Amino acid sequence: MSERHVIQVTVNGEPHERLVEARKTLADFLRQDLELTGTHIGCEHGVCGACTVLVDDQPVRSCLMFAVQVDGARIETVEGLASGAKLHPIQEAFWANFALQCGYCTPGILMTVVDLLRRTPNPSREVIRRELAGHICRCTGYHAIVDAIEDAAARLRGPAITDAR
Amino acid sequence: MTERAVAISKAVGQPVRRVEDPRILAGQGRYVDDIKLPRMLYAAFVRSPHAHARIERIDVSRAINLPGVVTVLVGEDTAKLCTPWRGILTDYVGMKTGSAYPLAVGKVRYVGDPVVAIAAVDRYVAEDACDLVHVEYEPLPPVVDPEVALRPDAPLINDELGDNVILRAGFDKGDVDAAFARAARVYRQRFVVGRQTCVALEPRSLLASYEAPSRSLTVWMSTQVPHMMQAIFARILGLEEQKIQVIAPDVGGSFGLKIHCYSDDVAACLLSIVSGRPVKWVADRVESFATDIHCRDHTIDVDAAVAKDGTVLGLRSRVVTGVGPYSCYPRSSVVEGNQVIRLLTGPYRIKNYQADLTVVAQNKTQMSQYRAVGHPMATMAMESMLDVAARDLGLDPAEIRRRNLVARHEFPYTTAFGYVYESGSYLESLDLLLAKGEYAGWRQRQGHARSDGRLIGIGLSCFIELTAPGSFYGSGGAPVSAQEGATVRLEPTGKVTALIGVTTQGQGAHTAFAQVIADQLGVTVKDVNVMSGDTRLVPYGGGTSGSRGAVLGAGASILACRQLKKQIARVAAHLMEAAAEDIEIAGGKVAVRGMPDRALSLAEVAWVVFYKSDKLPRDIEPSLEATAHYTPERSLTWTNGAHMAVVEVDPETGLVKFLSYVTVEDCGPMINPALVREQVRGGVVQGIGSALYEHIRYDEHGQLLTRTLMDYLVPSSAEMPDIEVYHLETPSPHTVGGFKGVGEAGTTGAPAAVLNAVNDALSPLGVQLNATPITPDMILDAVRAARGPDAGTPARTGGHHGP
Chain B
1 MSERHVIQVT VNGEPHERLV EARKTLADFL RQDLELTGTH IGCEHGVCGA CTVLVDDQPV
61 RSCLMFAVQV DGARIETVEG LASGAKLHPI QEAFWANFAL QCGYCTPGIL MTVVDLLRRT
121 PNPSREVIRR ELAGHICRCT GYHAIVDAIE DAAARLRGPA ITDAR
Chain L
166 MTERAVAISK AVGQPVRRVE DPRILAGQGR YVDDIKLPRM LYAAFVRSPH AHARIERIDV
226 SRAINLPGVV TVLVGEDTAK LCTPWRGILT DYVGMKTGSA YPLAVGKVRY VGDPVVAIAA
286 VDRYVAEDAC DLVHVEYEPL PPVVDPEVAL RPDAPLINDE LGDNVILRAG FDKGDVDAAF
346 ARAARVYRQR FVVGRQTCVA LEPRSLLASY EAPSRSLTVW MSTQVPHMMQ AIFARILGLE
406 EQKIQVIAPD VGGSFGLKIH CYSDDVAACL LSIVSGRPVK WVADRVESFA TDIHCRDHTI
466 DVDAAVAKDG TVLGLRSRVV TGVGPYSCYP RSSVVEGNQV IRLLTGPYRI KNYQADLTVV
526 AQNKTQMSQY RAVGHPMATM AMESMLDVAA RDLGLDPAEI RRRNLVARHE FPYTTAFGYV
586 YESGSYLESL DLLLAKGEYA GWRQRQGHAR SDGRLIGIGL SCFIELTAPG SFYGSGGAPV
646 SAQEGATVRL EPTGKVTALI GVTTQGQGAH TAFAQVIADQ LGVTVKDVNV MSGDTRLVPY
706 GGGTSGSRGA VLGAGASILA CRQLKKQIAR VAAHLMEAAA EDIEIAGGKV AVRGMPDRAL
766 SLAEVAWVVF YKSDKLPRDI EPSLEATAHY TPERSLTWTN GAHMAVVEVD PETGLVKFLS
826 YVTVEDCGPM INPALVREQV RGGVVQGIGS ALYEHIRYDE HGQLLTRTLM DYLVPSSAEM
886 PDIEVYHLET PSPHTVGGFK GVGEAGTTGA PAAVLNAVND ALSPLGVQLN ATPITPDMIL
946 DAVRAARGPD AGTPARTGGH HGP
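Going down the list, the protein sequences come from chains B and L.
97 is the number that this note's numbering gives to position 97 of the first sequence; each next residue is one higher, with no gaps.
284 is the number that this note's numbering gives to position 119 of the second sequence; each next residue is one higher, with no gaps.
A portion of the hints provided could be inaccurate.
[What the hints assert, rightly or not] Straight-line distance between alpha carbons at most 25 Å, and here's what the computed PhoX-like set of lysine-lysine pairs gives:
no.: 1; chain 1: L; residue 1: K780; chain 2: L; residue 2: K730
no.: 2; chain 1: L; residue 1: K691; chain 2: L; residue 2: K731
no.: 3; chain 1: B; residue 1: K86; chain 2: L; residue 2: K338
no.: 4; chain 1: L; residue 1: K780; chain 2: B; residue 2: K86
Since the hints were derived computationally from the structure, they do not count as laboratory data.
As the structure is a computational prediction, the values presented were derived from the model and not from experiment.
The whole structure should be built from the sequences, with the hints applied where relevant.
Okay, structure coming up:
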């Protein structure tokens with residue numbers, strides 16, 4: 001048994017205070033303690049990117065951080081993107097472009113895209129492919145994801161695009 | 166008028182957005198690890214560090230005494246609680262394999278073999294407890310190389326079997342000797358395909374909950390085959406099938422990995438049975454690499470007899486594969502090798518063909534079916550032979566294919582092995598590929614690039630894909646359903662609920678079925694809610710494998726809709742005083758033909774059946790629910806297509822860069838062209854992974870060297886190309902709707918196209934590589950050998966894979 005600490009975090013705008021074991025990962029803390037299961041665990045080695053969340057605006061692998069390290073931090077997860085039934089423009093773009101299949105890698109990719117488009121509002125396909133390289137998607141082959149990110153960038157830059165369907 | 170327009174607009178054939186996506190995008194997908202039950206425990210395993218060893222002693226006393234640990238099981242415990250299993254398919258004559266248990270009994274036979282199972286209050290404590298278990302092993306000589314496994318003095322993996330052979334098979338069709346005797350040229354090549362694994366991003370996961378008073382078991386499981394697992398748990402655990410419920414919630418990828426019975430899955434169920442509490446077991450990535458099925462890893466020797474004009478007159482193949490200590494249960498580990506030899510002739514007219522297959526046991530992880538079972542290896546060997554022949558005979562690679570492809574007028578075409586190709590577009594697919602891929606233009610550019618000293622290569626591959634297999638496994642005794650069931654129900658609101666046996670692991674099957682059903686019932690896709698994956702909810706079915714889901718699920722759905730429409734028509738005919746034959750169902754309305762004023766909404770008809778059925782005549786059953794089960798009239802239908810890869814090889818780094826990737830596929834009428842396109846693209850990238858990156862490696866002691874995603878390279882976005890997909894639609898004459906499967910098309914054709922492209926790029930150096938993955942080292946060795954002072958020594962052409 002490892003020792004326990006009280007931590008305070010803000011997740012998707014909501015404050016939480018919890019007692020956690022020192023060895024508990026941020027991914028397990030989000031999924032088990034806060035029951036935010038949208039963040040997925042794919043490898044626990046920091047390679048696959050499925051568990052990516054934003055900590056104080058920085059994308060991090062939540063499997064490689066301990067919960068105690070985020071004491072006082074502001075965290076964004078996939079659950080914070082949509083408001084009710086209304087999807088975030090990045091989510092809309094993924095839907096419109098068939099950019100997910102099994103969806104297991106998707107939440108982590110979405111959080112990386114939030115960060116990418118905050119920094120780079122109009123990335124080229126080459127930049128998108130490079131930025132995405134920290135994520136493994138086993139289903140799509142990436143082409144549709146690259147399309148979706150281009151589309152998401154356009155949606156976020158320009159006037160809202162009305163969708164036919 | 167508008168209603169008419171709605172009725173005409175068909176959902177089938179449209180790139181309808183996936184109904185699955187919004188909740189997954191919102192982070193509200195529900196995968197096994199997301200589910201919590203009261204009093205739930207977490208499982209962890211102590212696993213063998215040896216490839217082959219006798220278990221001398223296991224001391225679990227310190228683990229049992231750790232606070233939070235509830236149940237600890239060893240092999241002998243589990244052996245008393247269940248029936249062991251053997252992965253035999255009886256239609257493979259002479260096949261043999263050892264019995265498998267949930268935990269190793271007496272001996273461990275591969276690195277990762279589960280030895281002790283522990284259930285504790287959380288995963289952290291369960292893993293702490295694993296560290297406290299002490300196991301003493303007496304190491305035995307590991308049997309790693311299949312050729313060594315075959316020697317008479319080889320150590321035995323399963324002592325009771327007498328040798329390490331699992332299966333010898335083969336056939337001899339036509340007159341092979343005569344074909345070789347009259348050939349202008351005979352080519353001999355050895356292809357070595359490296360060992361791979363599936364890498365679903367969601368690891369294998371299971372949550373078992375046993376209720377002792379009712380002897381019932383509920384298992385949430387990341388699986389493609391809930392009904393098969395229900396049957397298997399009943400057999401192995403001695404429970405009654407009707408008291409077992411298997412639920413596949415959202416499944417995070419599978420690719421053939423999640424259709425097998427794994428020891429640790431059964432052990433986790435036993436932990437629940439023994440503890441009387443729900444037990445969750447989720448593999449970590451190291452466990453995934455050590456225990457998920459491996460695949461490919463075949464050595465394929467091919468001799469081809471070829472006429473001067475490029476006609477392939479005959480083939481011989483000899484295939485050897487080591488598949489781990491046991492044949493997998495229940496689908497066995499011999500199908501991939503059999504598919505290699507059976508499919509080697511591909512879409513080509515080759516009548517004389519002799520093949521031998523040897524499948525042996527070894528001390529490595531079990532091998533079995535991964536996406537496109539056998540196809541990519543057969544395709545790679547055949548397509549590479551054609552390029553070797555074309556280069557030697559001075560023919561264009563496209564031309565030698567054209568001369569050998571089965572033409573449209575030859576269908577139905579029976580292959581040398583005996584498969585019947587019922588329909589297809591082999592030449593047409595190649596022609597479309599060459600046009601869309603700008604083949605001629607690339608040949609020109611290649612010429613210019615070569616004069617600049619650049620190594621650009623163009624690789625073609627033509628393929629067939631066996632889809633929608635029928636009693637492929639059931640005939641050999643495996644509880645794998647050849648049929649598929651669908652229930653379609655009109656709700657009181659006139660909307661539709663559909664329950665389908667086919668499962669989905671990301672393919673978008675729910676969307677496809679909603680499209681099919683919407684068209685049948687004249688409603689919109691939004692009005693149809695499709696559910697699957699729960700044995701207590703859906704009709705019996707074989708789940709998803711072998712590119713069967715769309716074909717059988719859509720077929721069953723259409724048949725169920727036809728019955729439901731009859732029910733609707735009978736009620737509506739009564740209500741509108743018309744003949745049932747005159748009732749038309751379209752645009753959400755039920756109308757009398759030719760009398761648009763006389764119409765009811767589906768909701769109005771449903772209201773009567775659900776809430777006023779006493780007003781119906783006694784001969785009309787008050788039902789708006791129909792179930793149909795479907796088996797195609799032939800046990801297979803064949804998809805086909807062609808791939809073209811253009812690559813540049815960097816002779817300084819050995820890296821391969823894609824300049825273009827184009828594919829054509831023909832899976833018959835497309836239910837949703839976007840879903841087809843994405844299946845192909847995802848499959849292509851898995852095939853590129855096979856060709857260039859993915860390799861499970863062992864050392865000579867059977868120690869697994871690739872245990873993380875840092876050691877085992879899965880393709881990432883940075884090195885993958887955009888992938889263009891074009892379609893032809895040749896319907897199958899044997900399936901409802903003419904549909905054919907497509908899940909494995911991309912994976913089937915890609916390794917061949919990539920290998921041929923690399924060899925084409927290297928051809929000015931006189932080098933032929935026949936092993937995958939093609940690593941930078943292999944390319945650099947080949948370039949050095951060709952350019953160096955010893956340019957005369959032949960380049961290494963395979964056999965780079967260690968034991």
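Going through the hints against the structure:
1. Under the criterion of a C-alpha separation no larger than 25 Å, the hint pairing L:K780 with L:K730 is consistent with the structure, at around 20 Å.
2. Proximity of L:K691 to L:K731 is assessed by CA-CA distance (about 23 Å); at most 25 Å being required, the pair is judged to hold.
3. Between B:K86 and L:K338 the alpha-carbon distance is near 62 Å, which puts this suggested pair outside the 25 Å criterion.
4. Distance check on the hinted pair: L:K780 and B:K86 sit about 44 Å apart at the alpha-carbon level, beyond 25 Å; violated.
Checked against the numbered hints above, the structure breaks hints 3 and 4 and satisfies the rest.
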